[in-house]
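Protein sequences appear in the order of chains E and B. Everything in the first sequence is counted per our numbering, starting at 1 for the first residue and increasing by one. Everything in the second sequence is counted per our numbering, starting at 140 for the first residue and increasing by one.
The hints are simulated quantities; they were obtained by calculation from the structure and are not laboratory data. Misleading hints may appear alongside valid ones.
[Stated by the list, open to error] Derived CB-CB ranges, DEER-like:
no.	chain 1	residue 1	chain 2	residue 2	range
1	B	K194	E	S89	18 to 26 Å
2	B	R198	E	N67	21 to 29 Å
3	E	V37	B	V149	27 to 35 Å
4	B	R165	E	V85	32 to 40 Å
5	B	G152	E	N92	35 to 43 Å
6	E	V65	B	K216	35 to 43 Å
7	E	T112	B	E185	36 to 44 Å
Here a beta-carbon is modelled for each residue, glycine too, at the ideal position from N, C-alpha and C.
Spelled out, the chains give:
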Amino acid sequence: MRSMKVFLYLLGLPILITACNSVSEPGSSTNSPVEVVEKEEKILIKDLTGKEWDITHAVKEYGFVANQFQYGLGPFAIQPIMDPVFAQSGENGFPSSQSSALIMGTTIVGDTRAYSIGVMSRFEVANDKFGTNYVAVAY
Amino acid sequence: MQLAGVYSRVIDGKTLTLSASGWTYRNTFVLYDYETESLWYHLEGEQGLRCISGKYQDRQLKEWTSEVSAWNKWLEKHPDTKYLISGSGL
Numbered sequence: 001m002r003s004m005k006v007f008l009y010l011l012g013l014p015i016l017i018t019a020c021n022s023v024s025e026p027g028s029s030t031n032s033p034v035e036v037v038e039k040e041e042k043i044l045i046k047d048l049t050g051k052e053w054d055i056t057h058a059v060k061e062y063g064f065v066a067n068q069f070q071y072g073l074g075p076f077a078i079q080p081i082m083d084p085v086f087a088q089s090g091e092n093g094f095p096s097s098q099s100s101a102l103i104m105g106t107t108i109v110g111d112t113r114a115y116s117i118g119v120m121s122r123f124e125v126a127n128d129k130f131g132t133n134y135v136a137v138a139y
Numbered sequence: 140m141q142l143a144g145v146y147s148r149v150i151d152g153k154t155l156t157l158s159a160s161g162w163t164y165r166n167t168f169v170l171y172d173y174e175t176e177s178l179w180y181h182l183e184g185e186q187g188l189r190c191i192s193g194k195y196q197d198r199q200l201k202e203w204t205s206e207v208s209a210w211n212k213w214l215e216k217h218p219d220t221k222y223l224i225s226g227s228g229l
């Protein structure tokens, strides 16, 4: 009986060690553990498409922690808005003055524009241009 | 920290196309540019986007003033405002 217990213990130990090693460290992502690859003195994180991103500089110079990057949906999962088109007051698509929906607004070289937060939340970035000033609106 | 800002996307005379990289770091989106695949991040306490990795590492993209507001309040202050209605992808 005793030898059976020892056998089971020895069988279970590697499983227990493996399970403990797979537990995330405090502060690491729990909903989407990032795959960190270290090769040739580089620190890379791999996203869900298999693309590897070199974050060596971010880690060494700015103190980023590799396993605190999250999601890694891939570079084309969220496409930016390109060539945005705007309406002026009185034109189709211009919201009612009663609307209290959230927007993000800016004025650059006298040109004032507003971007719906609802839309920006879906696209994250709008690549826009004010005269000769090329800007990215990010939310 | 929520990423919310308007940033220049010109560096060394070149115009970048910025996009979400698909990564977040501490609940803030990490952006990248199509042209060089450099990673850009709004570091706490800084104004502008800092290149944290890639061709432009350590360089910064200037931030323009912007605000998040209710549309009716924004319109009151800026009656000449335009409003985004479409664009590719929209």
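Hints, verified against the model:
| no. | hint | in the structure |
| --- | --- | --- |
| 1 | B:K194 x E:S89: 18 to 26 Å | 42 Å, violated |
| 2 | B:R198 x E:N67: 21 to 29 Å | 26 Å, holds |
| 3 | E:V37 x B:V149: 27 to 35 Å | 33 Å, holds |
| 4 | B:R165 x E:V85: 32 to 40 Å | 34 Å, holds |
| 5 | B:G152 x E:N92: 35 to 43 Å | 37 Å, holds |
| 6 | E:V65 x B:K216: 35 to 43 Å | 41 Å, holds |
| 7 | E:T112 x B:E185: 36 to 44 Å | 25 Å, violated |
The structure fails hints 1 and 7 (numbered hints given earlier, in ascending order).
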